[in-house]
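Going down the list, the sequences are from chains C and V. If you're matching positions, the first sequence starts at 1 in my numbering and goes up one per residue. If you're matching positions, the second sequence starts at 1 in my numbering and goes up one per residue.
One or more hints might be untrue.
EDC-like cross-link-like pairs, simulated, lysine to aspartate or glutamate; straight-line CA separation at most 20 Å [what the hints assert, rightly or not]:
no., chain 1, residue 1, chain 2, residue 2
1, C, K2, C, E98
2, V, K108, V, D75
3, V, K43, V, D109
4, C, K73, V, E32
5, V, K43, C, E98
6, V, K108, V, D139
7, C, K2, V, D37
8, V, K62, V, D75
Derived by calculation from the structure, the hints in this document are not laboratory data.
Spelled out, the chains give:
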Amino acid sequence: MKPLHQQEPVREVCAAALQQLGRDCPSMTFAVMVSDDGFEVASAGSHAQQGGRLASMTSSMQALGDAVAREMKLAACDHILLESINGHILQRRIPNHELVLCAVFDHHELVGRAVFATSECASTVSTNLMRQAA
Amino acid sequence: MAEHVILIAGPMGAGKTTAIQSLSEIPVVSTEAANTDRATANKATTTVALDYGEITLDGVEKVRLYGVPGQRRFDYMWRILEERALGLILLINNDGQDPVGDMLELIKDFSALQERGGVVIGVTRSDVQEYPHTSQYVDSIREVYPHITAPVFSVDARNRDHMLITLTALLFNIQAQSEAPMEDVA
Ligand SMILES: Nc1nc2c(ncn2[C@@H]2O[C@H](COP(=O)(O)OP(=O)(O)OP(=O)(O)O)[C@@H](O)[C@H]2O)c(=O)[nH]1
Ligand SMILES: [Mg+2]
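Please put together the full structure from these sequences, using the hints given.
Here's what the structure looks like:
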């Protein structure tokens with residue numbers, strides 16, 4: 001079987017969900033969906049940085065989050081929020097799939113809204129991929 | 001001697017994660033993710049951030065071991081982790097496309113670490129692919145980097161004794177390098 005990031009139907013589902021996320025949150029500047037090992041599956045929005053590096057870093061962060069959670073005998077890491085004075089980054093595991101979403105917001109977005117919108121996005125992707133596989 | 005931080009680097013599938021599991025006395029911290037790049041290394045998982053383990057030598061000296069991801073896409077982790085390290089174990093899988101070339105390139109990538117402490121080479125998976133012989137690694141180091149001392153061992157990363165010998169050799173080298181008279185920098 002082809003790797004996830006090369007499966008066209010998977011890419012399409014992810015790209016559509018990222019675009020919807022951008023419409024729901026106008027202050028989302030960039031979003032990328034990556035495989036667990038950090039290959040870009042789809043992206044939306046514009047960013048000066050090349051998506052490839054953020055994709056790899058998203059994978060590292062997720063794995064470190066899982067490692068810390070495991071250390072503390074917690075369940076796997078669901079999402080990670082990174083706040084800075086001029087924006088925030090929210091990354092989130094896609095339930096039941098080896099995929100992670102990473103979305104970058106400028107400072108206009110309320111954190112709560114970003115948390116909610118990315119959660120919606122993740123469950124949409126999860127449901128649509130399950131439907132596709134069925 | 002005080003506490004040491006040692007880095008383990010090398011190409012994807014060389015056995016860095018395996019080596020830390022072989023050596024560590026504590027449950028290792030690992031960051032494995034499902035591997036989709038089966039063309040480069042046909043295994044289920046790959047390291048995406050780091051491995052961490054600890055070992056006490058001669059009951060006194062604690063060595064902290066960090067493994068890095070082999071894939072170059074994660075080279076920011078190499079830079080982050082090398083800052084705290086004093087020496088490098090470079091594992092090279094003998095069944096790669098160009099193992100000697102990989103070694104030469106990685107010695108350059110980690111030259112700061114080589115200068116600060118030291119480096120040893122562990123050639124893995126020689127049972128899978130017999131050639132090149134370790135002497136070819138030694139010869140090309142001499143040719144390309146005549147100023148550095150980097151012992152080359154043939155090892156199996158799954159074998160604790162092999163990895164212990166490699167680690168001990170590195171620590172010995174670091175010690176020797178730190179006691180060597182300083183070059184005149186003026
Ligand atoms: N036959 C053989 N297998 C070995 C030897 N050394 C290590 N291995 C195996 O080779 C594989 C190495 O996998 P890892 O330890 O995940 O490799 P890694 O260097 O951490 O790879 P990345 O994290 O993906 O960069 C494991 O399946 C080991 O059991 C050896 O000398 N001979
Ligand atoms: Mg590894």
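Exercise for the section: Check each numbered hint against the structure and report the violated ones by number, ascending. Expected result: 3, 8
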